[in-house]
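Please arrange chain B on chain A, whose structure you already have, making use of the hints.
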Amino acid sequence: MSLEEVAFLVLAAVALGTAAAALLVRELVHTILWIAVFFVDLSAIYFLLEAPFLGVLQLGVYAGAVTVLLLFGVMVTRKRIFAREAATGIGAAPLALALVTFVFVISAVGEFSASEQPVRSYDPTYLSANLFQTNGPWLLLLGLIMLASVSGAIYLVREGRE
Amino acid sequence: MTTLLLSGFLALSAGLLGISLFGILTRRNFILLLIAIEIGMNATILNFVYFAAFAGAATGLTGQAIAVVLVGFAATEIAVGLAIVLALNRLKGSINVAQANELRL
Numbered sequence: 001m002s003l004e005e006v007a008f009l010v011l012a013a014v015a016l017g018t019a020a021a022a023l024l025v026r027e028l029v030h031t032i033l034w035i036a037v038f039f040v041d042l043s044a045i046y047f048l049l050e051a052p053f054l055g056v057l058q059l060g061v062y063a064g065a066v067t068v069l070l071l072f073g074v075m076v077t078r079k080r081i082f083a084r085e086a087a088t089g090i091g092a093a094p095l096a097l098a099l100v101t102f103v104f105v106i107s108a109v110g111e112f113s114a115s116e117q118p119v120r121s122y123d124p125t126y127l128s129a130n131l132f133q134t135n136g137p138w139l140l141l142l143g144l145i146m147l148a149s150v151s152g153a154i155y156l157v158r159e160g161r162e
Numbered sequence: 001m002t003t004l005l006l007s008g009f010l011a012l013s014a015g016l017l018g019i020s021l022f023g024i025l026t027r028r029n030f031i032l033l034l035i036a037i038e039i040g041m042n043a044t045i046l047n048f049v050y051f052a053a054f055a056g057a058a059t060g061l062t063g064q065a066i067a068v069v070l071v072g073f074a075a076t077e078i079a080v081g082l083a084i085v086l087a088l089n090r091l092k093g094s095i096n097v098a099q100a101n102e103l104r105l
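Protein chains in written order, with this note's numbering: chain A, 1 to 162; chain B, 1 to 105.
Excised from the complex, chain A in its bound form:
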C-alpha cells in the first residue's frame, strides 16, 4: 500500500468521523469545532488530488469564513454559548433512510472500475483560463446571485421589520 493510499484512508476516516461527530454532539460550539476540522480535512484531500487552488479556497472560504459566520450565528442567538441542545434521539426512520441512500449510492459506485487510476497534476494557469474563458458566463451568474442573496440577507435582518 502506497503512502498516498494510507494518507487517503486516514483522511477519509477523519472526514466521516468529524462529520458524524458534528451532528451528534450536543453543544453547538463543539459542533462548529468539529465542522472546522472536517473542512480542513477536506482541504487536505484536495491537495492529495492535485487540486491546490481548491484546497486553498476550501481553507479560506469554509474553514475560515463559514466557520466564523456559524460561530457568529451561535453567539447572537443564545445567552450562554455552551448551553446544551435538548437530546433529539437518533430516530430509526431517518437512520434507515440514510443507510438505504448510502447502500444505493455504493451499489452505483460498484459500476466504476476497481483498478487504481492516476491523479493528473496540472498548471493552475489552465484552471484560470477554464474559469474565466470557457465558464465565464457561469462565473458572472455566480456574481449576480451573490449580489442578490446579500441584498436579500440585509433585507431579512434590517431593523424595524417586525
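It is possible that some hints are incorrect.
Said to hold, decoys possible - Simulated restraints on C-beta separations:
{"#": "1", "chain 1": "A", "residue 1": "R26", "chain 2": "B", "residue 2": "N89", "range": "17 to 23 Å"}
{"#": "2", "chain 1": "A", "residue 1": "R26", "chain 2": "B", "residue 2": "F73", "range": "27 to 33 Å"}
{"#": "3", "chain 1": "A", "residue 1": "E159", "chain 2": "B", "residue 2": "F73", "range": "46 to 52 Å"}
{"#": "4", "chain 1": "A", "residue 1": "V103", "chain 2": "B", "residue 2": "V80", "range": "31 to 37 Å"}
{"#": "5", "chain 1": "B", "residue 1": "L91", "chain 2": "A", "residue 2": "E4", "range": "49 to 55 Å"}
{"#": "6", "chain 1": "A", "residue 1": "T134", "chain 2": "B", "residue 2": "Q99", "range": "43 to 49 Å"}
{"#": "7", "chain 1": "A", "residue 1": "V29", "chain 2": "B", "residue 2": "A98", "range": "37 to 43 Å"}
{"#": "8", "chain 1": "A", "residue 1": "A148", "chain 2": "B", "residue 2": "A98", "range": "54 to 60 Å"}
{"#": "9", "chain 1": "A", "residue 1": "A96", "chain 2": "B", "residue 2": "N89", "range": "29 to 35 Å"}
{"#": "10", "chain 1": "B", "residue 1": "L91", "chain 2": "A", "residue 2": "G60", "range": "31 to 37 Å"}
{"#": "11", "chain 1": "A", "residue 1": "G60", "chain 2": "B", "residue 2": "A55", "range": "21 to 27 Å"}
{"#": "12", "chain 1": "A", "residue 1": "A129", "chain 2": "B", "residue 2": "N89", "range": "42 to 48 Å"}
{"#": "13", "chain 1": "A", "residue 1": "A108", "chain 2": "B", "residue 2": "A100", "range": "32 to 38 Å"}
{"#": "14", "chain 1": "B", "residue 1": "N96", "chain 2": "A", "residue 2": "L3", "range": "42 to 48 Å"}
Hints in this document: simulated from the structure, not taken from any laboratory.
Yeah, the Cβ is synthetic: ideal placement off N, Cα and C, and Gly gets one too.
Positioned in the frame of chain A, the structure of chain B alone reads:
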C-alpha cells in the same frame, strides 16, 4: 504521478451524503440543519474534484471550475441561512425549525 482508487473516493462521498441526510432529517436546530446541508454540498463538490483529477487535462479542469463556483454558492447559502436564523430568533425567540410555522418571517 500519484495513483489512487476512484471507488474509494466515491464511497467517501456516499458516506458523507448519508451522514448529511441523517442530519437533515433528525436535527431541529437551524444552525445544525445548515451544517448538515453543508456536509452534503461538500460531498457533491468532492465528486466534481475526483472526476476532475481522474479525467485528465482535456475535460478535467471543467470539474474543478464547477467546484470553484459551487464553493461560492455554498458560502452564499450560509450567508442567507444565517440571516434567516437571525430573523427567526428575533421573531420567535428560538431557532428551532419546528416553530417556524409561518410563511412570512
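Hint-by-hint comparison with the structure:
| no. | hint | in the structure |
| --- | --- | --- |
| 1 | A:R26 - B:N89: 17 to 23 Å | 19 Å, holds |
| 2 | A:R26 - B:F73: 27 to 33 Å | 30 Å, holds |
| 3 | A:E159 - B:F73: 46 to 52 Å | 28 Å, violated |
| 4 | A:V103 - B:V80: 31 to 37 Å | 33 Å, holds |
| 5 | B:L91 - A:E4: 49 to 55 Å | 51 Å, holds |
| 6 | A:T134 - B:Q99: 43 to 49 Å | 46 Å, holds |
| 7 | A:V29 - B:A98: 37 to 43 Å | 22 Å, violated |
| 8 | A:A148 - B:A98: 54 to 60 Å | 29 Å, violated |
| 9 | A:A96 - B:N89: 29 to 35 Å | 32 Å, holds |
| 10 | B:L91 - A:G60: 31 to 37 Å | 33 Å, holds |
| 11 | A:G60 - B:A55: 21 to 27 Å | 26 Å, holds |
| 12 | A:A129 - B:N89: 42 to 48 Å | 45 Å, holds |
| 13 | A:A108 - B:A100: 32 to 38 Å | 35 Å, holds |
| 14 | B:N96 - A:L3: 42 to 48 Å | 47 Å, holds |
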